[in-house]
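Make one complex out of these two single chains by using the hints.
Residue numbers (our numbering), protein chains in the order written: chain S, 1 to 208; chain Z, 209 to 678.
If you are wondering where the hints come from, they were derived from the structure by calculation, not from laboratory data. Only a predicted model underlies this, so the values are computations on that prediction, with no experimental measurement involved. Where hints are given, some of them may not hold.
Unchecked claim - Distance ranges between label pairs, derived from CB positions:
hint: 1; chain 1: S; residue 1: Gln168; chain 2: Z; residue 2: Ala654; range: 19 to 29 angstroms
hint: 2; chain 1: S; residue 1: Thr102; chain 2: Z; residue 2: Trp638; range: 24 to 34 angstroms
hint: 3; chain 1: S; residue 1: Val148; chain 2: Z; residue 2: Gly502; range: 29 to 39 angstroms
hint: 4; chain 1: S; residue 1: Ser43; chain 2: Z; residue 2: Gly622; range: 37 to 47 angstroms
hint: 5; chain 1: S; residue 1: Arg154; chain 2: Z; residue 2: Arg633; range: 39 to 49 angstroms
hint: 6; chain 1: Z; residue 1: Arg621; chain 2: S; residue 2: His137; range: 18 to 28 angstroms
hint: 7; chain 1: Z; residue 1: Arg439; chain 2: S; residue 2: Val148; range: 45 to 55 angstroms
hint: 8; chain 1: S; residue 1: Arg154; chain 2: Z; residue 2: Thr497; range: 36 to 46 angstroms
hint: 9; chain 1: Z; residue 1: Gly642; chain 2: S; residue 2: Pro112; range: 30 to 40 angstroms
hint: 10; chain 1: S; residue 1: Val167; chain 2: Z; residue 2: Ile531; range: 54 to 64 angstroms
hint: 11; chain 1: Z; residue 1: Glu455; chain 2: S; residue 2: Pro86; range: 39 to 49 angstroms
Claimed, not checked - Facing chain Z, a subset of chain S residues (Cβ under 7 angstroms, in silico):
hint: 12; residue: Gly59
hint: 13; residue: Leu63
hint: 14; residue: Ala79
hint: 15; residue: Trp94
Virtual Cβ for every residue (Gly too), placed ideally from N, Cα, C.
Single-letter residue listing:
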Amino acid sequence: MGQVVALQSLITGRQIWQGRAVPQPSGGETTGWPALDAALPASGWPKASLSEILLPADGVGELQLVLPTLARLSKQQRAIAVIAPPYVPCVAGWENSGVAMTHIDIVCAGDPRDALWASEQCLRSGSYAAVLSWPLHADDRALRRLQVAADNGRALGFVFRDRRHAVQASPAALRLELETEPVRQIRVRKCRGSQPPALPIPFPADGW
Amino acid sequence: MLWACVLLPHLALDGVLRRRPSSDEPLVLVTGSAQSRSILAANRPARAAGLRPGQRLAVAQALLSRFEAVEHDPATTERWHRLLAAWAYRYSAEVVLWPHAIVLEVSRSLGLFGPWPRFEALLRDDLSQLGFRHRIALAPTARAAYVLAGTHDGMAVMSPELLRGALSPIPVGKARLPDEAADNLAAMGLRTLGQLLHAPRDGLRRRFGEALIEHLDYLIGTAQEVLRYYRPPDRLELAMEWTHEIEQVEALVFPLRRLTGDLAACLAGRDGGVQRFMIRLVHRDGTSTDVSIGLLAPERDPTMLFEHTRSRMERTELPQPVIAMRLVAHELPPFVPAGRDLFDTRPANALPLGQLRERLRARLGDRAIQTLHATTDPRPEHAQSAARDDVVIGQPASLPRPTWLLDTPMPLRGLAPRIVAGPERLETGWWDGGDMRRDYYVVETAQGQRAWVFCAPGERGPWMLHGWFA
Chain S
1 MGQVVALQSL
11 ITGRQIWQGR
21 AVPQPSGGET
31 TGWPALDAAL
41 PASGWPKASL
51 SEILLPADGV
61 GELQLVLPTL
71 ARLSKQQRAI
81 AVIAPPYVPC
91 VAGWENSGVA
101 MTHIDIVCAG
111 DPRDALWASE
121 QCLRSGSYAA
131 VLSWPLHADD
141 RALRRLQVAA
151 DNGRALGFVF
161 RDRRHAVQAS
171 PAALRLELET
181 EPVRQIRVRK
191 CRGSQPPALP
201 IPFPADGW
Chain Z
209 MLWACVLLPH
219 LALDGVLRRR
229 PSSDEPLVLV
239 TGSAQSRSIL
249 AANRPARAAG
259 LRPGQRLAVA
269 QALLSRFEAV
279 EHDPATTERW
289 HRLLAAWAYR
299 YSAEVVLWPH
309 AIVLEVSRSL
319 GLFGPWPRFE
329 ALLRDDLSQL
339 GFRHRIALAP
349 TARAAYVLAG
359 THDGMAVMSP
369 ELLRGALSPI
379 PVGKARLPDE
389 AADNLAAMGL
399 RTLGQLLHAP
409 RDGLRRRFGE
419 ALIEHLDYLI
429 GTAQEVLRYY
439 RPPDRLELAM
449 EWTHEIEQVE
459 ALVFPLRRLT
469 GDLAACLAGR
479 DGGVQRFMIR
489 LVHRDGTSTD
499 VSIGLLAPER
509 DPTMLFEHTR
519 SRMERTELPQ
529 PVIAMRLVAH
539 ELPPFVPAGR
549 DLFDTRPANA
559 LPLGQLRERL
569 RARLGDRAIQ
579 TLHATTDPRP
589 EHAQSAARDD
599 VVIGQPASLP
609 RPTWLLDTPM
619 PLRGLAPRIV
629 AGPERLETGW
639 WDGGDMRRDY
649 YVVETAQGQR
659 AWVFCAPGER
669 GPWMLHGWFA
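Excised from the complex, chain Z in its bound form (with noise of 0.2 angstroms):
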C-alpha cells in the first residue's frame, strides 16, 4: 500500500479567496463570539501587516486600519473539503478525509496515471487550478503520509523498510501524536520520533495509555488501520443563486447549461447515470415552481441532459422572477452505455434512438411513445396493452383479426354489407363484470372496405363497427 496525503493547511481561507478576484487587500477570517472575536486565518497582504492567526480582532484593527473580515462558516469549509474528496475520488477509490487532509491509496492509481513524480504534478496541477494551497507527501502507511506532509513538502517514501529511518527525525510536537502526549515526551527528554520508538512499550503505555501505542502501531505499519472511507453521495444537489431576478425563461438557459454541465461531471465521477431529475426555481418570496424530468433509460451526456431539461423549462411559465436554480437528482442509477455495432450502415449524423425518443417524450408528452403487446384477454378490448408489466403469451391461434382497432364500436352506416368471414362467437369476461356476447363478422361494405363488424348473438345486425381490415 501506498499513501499519499494531500494536506489543505488553508482550506478555509482558500475557499473564500477563490470565490473572489485575485487582489493585494488584506483579508481575515474571524471567528468566535461577538465578545471574542479573533482571527482564524489571514492572507498574506494580511500577515504581512502583522495580522497573526489566533489574534484579538481588536488587536488586528489597532495594527492595520483598513482589512476585510468575512465570518468563517465552518460548514462551507466541510463543503470544500467534500468538493475536494470527490477530486480526489477520480483518482483513487480509497479516499480518506482528516482534518485539513485528504489521504488517498495511490498504489494502484501509478499503473494509470504514471510514476509518482508524474502522478504528483498531476494532483499538484489540478490543485493549482483548483486554488488551493497544499503540500503533499507518499508513504507505505496513511498515518505517516499525514505526519510527513506536515513536515516535509514533495517527500516520498516508496518502501516500508525506509520509513523508520524517514520518520525518526521528526520532533515529537509534529507527529500528530494524541491529546498531550507531545508536551509530556518532551519533559521526558524524548524529542523526536526515533527517540519515541526506541523506547519500551510498557513503559509508554502505562504512562500514556493505549491510544499513543496505537498510532505508533499505525504510523510505521506494524498494525493495519481501519479507515472509514469516503463515498461519494447518493444525492446530487447542485445550486445555482443570483443576486438578481431573472424574469425570463430563456435567460435561465445559459445557467441551466452550467449546471446539467456539473451535473454530468459528477455522474461521470462516480460512473453513473441520472434517470429523473428536478429544477427547483426559487421565488423572492420563497415559493419555488418544480419542474421534473424524467428519462426513459439512464443518461449522462452533458448536451443530451442540457437539451432534454431546456425543451422542458420552455413549456414551463414563471408566475414570479426567479432569484436561485437547484438542481436536485435523488436517483442515481448505474449507466450503461449503449453499445453500436462497428458496421453500422446507418448515416452518420444520425440520432441515436433513446435520444430521438427522449425528444419526442419532452414535446408530445411522457406517454407519448408506445409499443402495443397482445394479453391473454379474449375480449378485443383488452386483448392489448401499452403496459410494460403485462405477462406477453404468443397468439394460441390465427383468428381473423382487423389491422385497426376502433377505441370504441360505433354504429356501420350505409349499405347492407357483404359478409365475408364469420361469424366468431366471442362469450366471455365474466370474471370482471365486463361480460360480453358477441358474434364477430368479416364483412365488406359497399365502398370496398373491409370491416371486423359484430352483432348480438344469432343475428345479422345492426351491426357495430370494431375495426378495419387496412
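Next up, chain S with everything else stripped away, as it sits in the complex (with noise of 0.2 angstroms):
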C-alpha cells in the first residue's frame, strides 16, 4: 500500500475500464401498444434494426403486435415487404387493423435461404420500411447479416422465431417473447440500451 496513484492519471492514462454505457437509441417507432413502448428504452421499434419476436405457436396474436406500425407505415404509402409468410395473408382482417394492403408486397420463396436472401436484399435497399420474416433455419451469423442490412437501409425488420430459440444468442436490438401461459404476456428478452424490465407487459386478448 506504499504507492499513492492519483485516479485521475489512470484515467488519463486509460487503464480503467469504466463501462460506459452506448450511447442511448435516440427514440424509435411507436408500436401502437402503449403499455409496450413505455417498457422499451426507445418507446417503440428501434430504428434501423431488427427486431425478434418468439412465439410458443402460431396464431398468438404475434401479427397483432406489429399491424398498428403496418397501418402507420403504409398509410404514409411507404413499402412493406412480408416475405414467405407461413400463412396466407387475409386480406379482411390486415385491413381491419388498418392496413393498406396495396403497399404490402408477398415475397413466396419456396427455399428458405432464397427467403433470406430475399429479407437481406430488402432490408439493405431502403426502398422498404419494414421487412417481415420468417426465417426457419437462421443462425447467428445469418441473423447479423440481417441486422447490418436493416442498419445499411434504415429499415424496420421483424423477424418471427419459435420460442426454443429464445436460449440462442441473438444480435437483434429487440427480442420479445409472447407467452400465452398463465396469462396472454409479451416478456423483454433483450433490448438494446438498457436492462430488460423484470416484469412481463400484459397483452389481453380483447385488446385486438
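Below is the structure:
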C-alpha cells in the first residue's frame, strides 16, 4: 500500500475500464401498444434494427404486435415486404387493422435460403420501410447479416421465430417473447440500451 | 427551314473498312455477275495503283498483282445507311434518306446544339469517329443542300434570298436533274443552273416534262416538297457472332454487356423503354436456346438491363456451344422515368423499389411478388386475389376476420376449444358450383391460440381450422 496513484492519472492513462454504456437509442417507431412502448428504452421499435419476436405457436397474436406499425407505415405510402409468410395473409383481417394492402408486397420464396436472401435484399435496399420474415434455419450469422442490412437500409426488420430459439444469443436489437401461460403477456428478453424490464407486459386478447 | 445534307460518297467502302484494322493494302469492292465482274469502289492505295470504279476486274488484275477484292453487299450498305439515319435522328426529328445521303432539318436543332459552325463541327466529329467520309452543306431547301453538298463541301446558305445566287454557277451535270435532262440541256447550250432558272418554264416543261420543273421548284423553294421522313424501327434486333464456339454461360457475360449497352443506347435515341425482350443463343446446328426477359415496367438503364439479363442467363443451361447471340425486342413502350422526392429521406445507397423487385423476381420467379386485394366474393377462399385486373371494392362491414388464412382448411386437433365469438353463417356460392354452408366461429385453443374455425351449420364440431388471429 506504499504506492499512491492519483485516480485521475489512471483514468487519463486509459487503464481503467469504466463500463460506459452504449449511447441511448434516439427514439423509435411507436409500436401502437402504449404499455409496450412504455417498457421499451426507445419507446417503440428500435429504428433501423432487427426486432425478434419469439412465439410458442402460430396464432397467438404475433401479427397484432406489428399491425399498428404496418398500418401507420402503409398509410404514409411506404412499402412493406412480407417474405415467405407461413400462411396467406387474410386481406380482410389486415384491413380491419387499418393496413392498406396495396403497399404490402408478399414475396414467395420456396427455399428457406432464398427467403433469407430476399429478406436481406429488401432490408438493405432502403426501399421498404418494414420487412417481415420467418427464417426457419437461421443461425446467428444469418441474423447478424439481417441486422447489418436493416442498419444499412434504415428499415424496420421483424423476425418471427419459435420460442425454442430464445436460449440462443441473437444480434437483434430487441427480442420479445409472447407467452400465453398463465395469461397472455409479452416478456422482453433483450433490449439494446437498457436492462430488460423484469416484469412481463400484459397483452390481453380483448385489446385486439 | 434549314436543311443540312450529309453526303456519303464512299458509304459502301467505308462500311467495309470500318470493320477492319486500318492498313495500306489495296482493297476494292467488286460487283456484277460472275462473267462480268467490275470494281464498285477502291480505297486510296488501290486508286494510287490505277484501279478505278467501273473498271473490269480482269483489267484491275492486269494493273495490280495483289489486292483484296471484297464482294459488295447492298443489304449491308443499306444497314449502314440506316445506322447513320439513326445517328442523325439524335440531332433532328426530320431525317430523310436519299441515295448516298442523309438530309436533316436543323433550324430547330441550332437552338440546342449551337450556331451552325459549331453544330457542323459536331456532325463532322461524330462521322469521323464512326469512320465515314462525308461532305456537308446547308441550304434552305433539302434539294439545294443535296446539290450543294455534292459541289461545295462545307457550304452554308442561311437565307432563301441567297440561294439562287449560290445555285447559279453550278453546272447542270451536277444539279441532280431527273433522267437524261442534264445531257440534253448541255446540248441546248444551257450549262449552268442559273441559265436554266432563267429559261422560259413553258418551253422546258414541253421539252423535258413536269419532273424537271418540279425539281427546279423544290430546289429554290418555290414549291414545298413532300418528304418521307425516317422513322426509327419499332422493333430492335441486335446480333453478335463469333468465329469460335462458346461453351460456358460465364463467357457470354461480356458480349451481353455490349448488347444490353447497345440496346440502352438505341432506347435512349428513340426516348423509349423496353419491357420484354429475348436473348437468343444460336448453336452450331441451327437450333437455338431462348431466354426471355420480362420486366415489371419499361426500363432503359444499361446497368439494370445488364444485371437483370445476366441473372436470367446464369440460370440457363446451354445444351450445346453457342456461336451467335441475338437480342430481339419487339415491344418498345414509352419510358417514364421514376420521379424521386427532392427531400427523400432514404439512404444514399438505396436501391429503387422497381429495381429491387426486378432483382427478386429474377431469382425467385416471375410470380414471386404479389399484392393481395379484397374482392366482392364473400367466400373466404375467394375473398382475396393477387390478380391485378379484379375489381377492388371496400369491405362492407367489419366482420371478425383472421390475419392468417390457410390455403385449405384442415381439422383442428387437440382439446375442445373455447368459443369466443360466433356463429357467422356463410351460405353462398350457388352461382359457380362452389356452394358452401358453414358456421364460422372464433375460438381459443388450449395453447392460447385464437383460431377461425367452421363446422356444419347448427353443429358444434368437428372443427375445421381456416385461419389464425395472429
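Using 7 angstroms as the Cβ threshold, decide whether Trp94 (chain S) counts as touching chain Z. holds, 6 angstroms
Against chain Z, with CB atoms and a cut of 7 angstroms, does the hint on Ala79 (chain S) hold up? holds, 6 angstroms
Between Arg154 (chain S) and Arg633 (chain Z), does the C-beta distance stay in 39 to 49 angstroms? holds, 48 angstroms
In this structure, is the beta-carbon distance linking Gln168 (chain S) and Ala654 (chain Z) contained in 19 to 29 angstroms? Check passed, 27 angstroms falls within 19 to 29 angstroms.
Cβ-Cβ distance between Gly642 (chain Z) and Pro112 (chain S): within 30 to 40 angstroms? holds, 34 angstroms
Measuring from beta carbon to beta carbon, are Val148 (chain S) and Gly502 (chain Z) in 29 to 39 angstroms? At roughly 32 angstroms between Cβ atoms, Gly502 (chain Z) and Val148 (chain S) fall inside 29 to 39 angstroms, so the hint holds.
Against the range 36 to 46 angstroms, how does the distance between the Cβ atoms of Arg154 (chain S) and Thr497 (chain Z) compare: consistent or not? About 42 angstroms separates the Cβ atoms of Arg154 (chain S) and Thr497 (chain Z), which means 36 to 46 angstroms holds.
Does the nearest C-beta of chain Z fall within a distance shorter than 7 angstroms of the C-beta of Leu63 (chain S)? holds, 4 angstroms
Between Glu455 (chain Z) and Pro86 (chain S), is the Cβ distance one that fits in 39 to 49 angstroms? Given about 43 angstroms between the Cβ atoms, the range holds.
Supplied distance hint 37 to 47 angstroms, evaluated on CB atoms of Ser43 (chain S) and Gly622 (chain Z): Hint holds: Cβ distance 38 angstroms, inside 37 to 47 angstroms.
Do the beta carbons of Thr102 (chain S) and Trp638 (chain Z) sit within 24 to 34 angstroms of each other? holds, 31 angstroms
Do Arg621 (chain Z) and His137 (chain S) keep their Cβ atoms within the hinted range of 18 to 28 angstroms? holds, 25 angstroms
In summary, this structure violates none of the numbered hints.
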